[in-house]
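Trainee: Work out the full structure: start from the sequences and follow the hints.
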Amino acid sequence: MHVLSIRRPRSLRKVVLGVVGLTGFLVVWQLIPTLGLINSQYLPYVTDVLARLAEEFRDLAFWRRLGHTMTSWAIGLAVATAAAVVLGTIVGLVPVLRRATHTVVEFLRPIPSVALIPLAVLLFGIRMQAALLIIIYASFWQVFVQVIYGVADVDSVARDTARSFGLTRRERLSYLVLPTALPYLMTGIRLAAAVALILAITAEMVIGNPGLGRMIELSRSAGDAVGLYALVVVTGLLGLLVNLVFRFIERRSLSWHQSVRGEEVL
Amino acid sequence: MTVHTDRIAQRSRGRGLGRRVVASLLYSLGLPFLLLVVWGLTATSSTNRFFPGPLTILEAFRETWIGPAFVDDVLPSLYRLALGIAASIVIGVAVGTLIGLFHWLRELLEPLLEFFRAIPPPVLIPVMMLLLGITDTMKVVVIVSGAVWPILLNTIDGVRATDSVMSETADSFQITWWERLRFLVLPAASPRIMTGVRQGLSVALILMVISEMFASSAGLGYRIAYFQRNYLIAEMWSGILLLGLVGVLLAATFGVVERRVLRWYHGIREVNRA
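Chains as they are written, first to last, in our numbering: chain A, 1 to 266; chain B, 1 to 274.
There may be inaccurate statements among the hints.
[Claimed, not checked] FRET-style restraints, in silico, Cβ to Cβ:
no., chain 1, residue 1, chain 2, residue 2, range
1, A, Thr103, B, Ile134, 33 to 41 Å
2, B, Arg263, A, Phe57, 51 to 59 Å
3, B, Val71, A, Ser221, 30 to 38 Å
4, A, Thr103, B, Thr47, 29 to 37 Å
5, A, Leu60, B, Thr42, 40 to 48 Å
6, B, Phe173, A, Val104, 47 to 55 Å
7, A, Arg163, B, Val21, 47 to 55 Å
8, B, Leu132, A, Val104, 35 to 43 Å
9, A, Arg163, B, Val22, 28 to 36 Å
10, A, Asp160, B, Asn272, 19 to 27 Å
11, A, Ser221, B, Phe51, 28 to 36 Å
12, B, Tyr79, A, Ser255, 23 to 31 Å
FYI, nobody ran anything at the bench for these hints, they're computed from the structure. Just so it is clear, CB atoms sit at the ideal spot from N, CA and C, and this is done for glycine as well.
Mentor: Put into structure tokens, the structure is as follows:
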């Protein structure tokens, strides 16, 4: 009770300031074309953009495009996570493999996934598979590296204890390796979810498979500035939503873990 | 007698060292070599023309990139990349420090920053094309508009997490704000800043490529897309290889810089762990 009474005014202040900041931004945006600092052809009025946004939300075609984007996002993320968990666990648990794969991983990981767009177009044409190749490549490394770290981070005392108590391989995996690696894994998946969304939209912009990204490119080439800005806002909201959902999942699945419990006590 | 055993011990130690060097060489180069051989064998035996052998790609690499193309396409790209990264770091650290130091400013801007960070950076390319036209400035601004967010947000977090005992000590010694910034706030935030810079680097590289694929008639990204459209498969692969090399080089350079900048920090962590 005491804690609550202290916390409430502060969080109220935070909300009020946040709303003020947001409103201020929208007002400044509205003022720039109104005062003629930038032609409204290039930076449309915020009121127009918001009106278009409301229009889009009532349009079935918009939701279908969103569906395309989110489908390739979800498939890509799922495939990348599954592959990264399996391979990461194997490589992380076997020191020989970890040493042997180190060079290859360090070379492949920094290759920007968008460099593979031409290859993806050659292999799959303007289809979802082309986008998937890029999404999976980019998000795989996020999870893979975290899983390797996580699996290797098992406390040596705990490992020796488990061994001397005669835990089987399966028991060691589920009671020792999994709990240690889970925080790393969740971080990896959260990062991968954001990266996968970026590349899902990028792929649609550059490759031209149906989705929000292609719509952005179409409104640009059609000179529809209002539509373009509305779609940019949509992608921002989408990114925000993905971040929030995955942060929530991370907290829920790690509610037992020190890092999350520690934050709640403070 | 003692001399003899000494020599034996020395020789066996020397052999152990040699063996370790050979082993680590084998470990680090064995798998890449094996993969290249497998790739080469499958490429020569299969009829799939989208996957030329590594030797063909290497040949194409030499012919395509070593020569005038390096000056015309690669250097301008790298120049824009460097400019974008430098501007992102300066803006991100300066603005991030400012926001991190003032509590009310942070609360005012937090929802906005969260939103801007969540926008997929490549989406900003069409917007910048609209605002700035298809120019070099546009490409640099695009790189900055994507790479600045991780640096900015990490700087804010780092500045905010400055040790309270240290800042109170600084208060009671009445050091000037400049000294405070130089010797307390920035060093305290530097591990987080470096984390942000590392994330920003990969975003910057992606945006360099995409902005050139999108709106350019020169540059690395444009070249690779051009090769693909004209079915110059080996040349396209050589471009992918070059981008990979740029990525690896960027990561390696960052690693060296980070180790220098954060030497004290890693030292402290090692002491704490021991």
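Trainee: Please go over all the hints and tell whether each is borne out by the structure.
Mentor: Quick rundown of the hints versus the structure:
Hint check: threonine 103 of chain A to isoleucine 134 of chain B, Cβ distance near 39 Å, so the stated range 33 to 41 Å holds. Distance hint check for arginine 263 of chain B and phenylalanine 57 of chain A: the Cβ-Cβ separation is about 53 Å, which falls inside the suggested range of 51 to 59 Å. For the pair valine 71 of chain B and serine 221 of chain A, the beta carbons lie near 32 Å from each other, so the given range of 30 to 38 Å is met. Separation of threonine 103 of chain A from threonine 47 of chain B is about 31 Å and conforms to the stated range, judged on CB atoms against 29 to 37 Å.
Taking 40 to 48 Å as the suggested C-beta distance range, the pair leucine 60 of chain A and threonine 42 of chain B conforms, at roughly 46 Å. Take phenylalanine 173 of chain B and valine 104 of chain A: their Cβ atoms lie about 52 Å apart, and the range 47 to 55 Å holds. The supplied range of 47 to 55 Å is broken by arginine 163 of chain A and valine 21 of chain B, whose beta-carbon atoms lie about 32 Å from each other. Our hint of 35 to 43 Å for leucine 132 of chain B and valine 104 of chain A holds, since their Cβ atoms are close to 40 Å apart.
In this structure the hint that arginine 163 of chain A and valine 22 of chain B lie 28 to 36 Å apart at CB holds, the actual value being about 32 Å. Checked against the hint of 19 to 27 Å, the pair aspartate 160 of chain A and asparagine 272 of chain B passes, with Cβ atoms roughly 23 Å apart. Between serine 221 of chain A and phenylalanine 51 of chain B the beta carbons are some 33 Å apart, a value that agrees with the proposed interval 28 to 36 Å. Between tyrosine 79 of chain B and serine 255 of chain A the C-beta distance comes to about 49 Å, which lies outside the given range of 23 to 31 Å.
In summary, the structure is inconsistent with hints 7 and 12 from the numbered list given earlier, while agreeing with the others.
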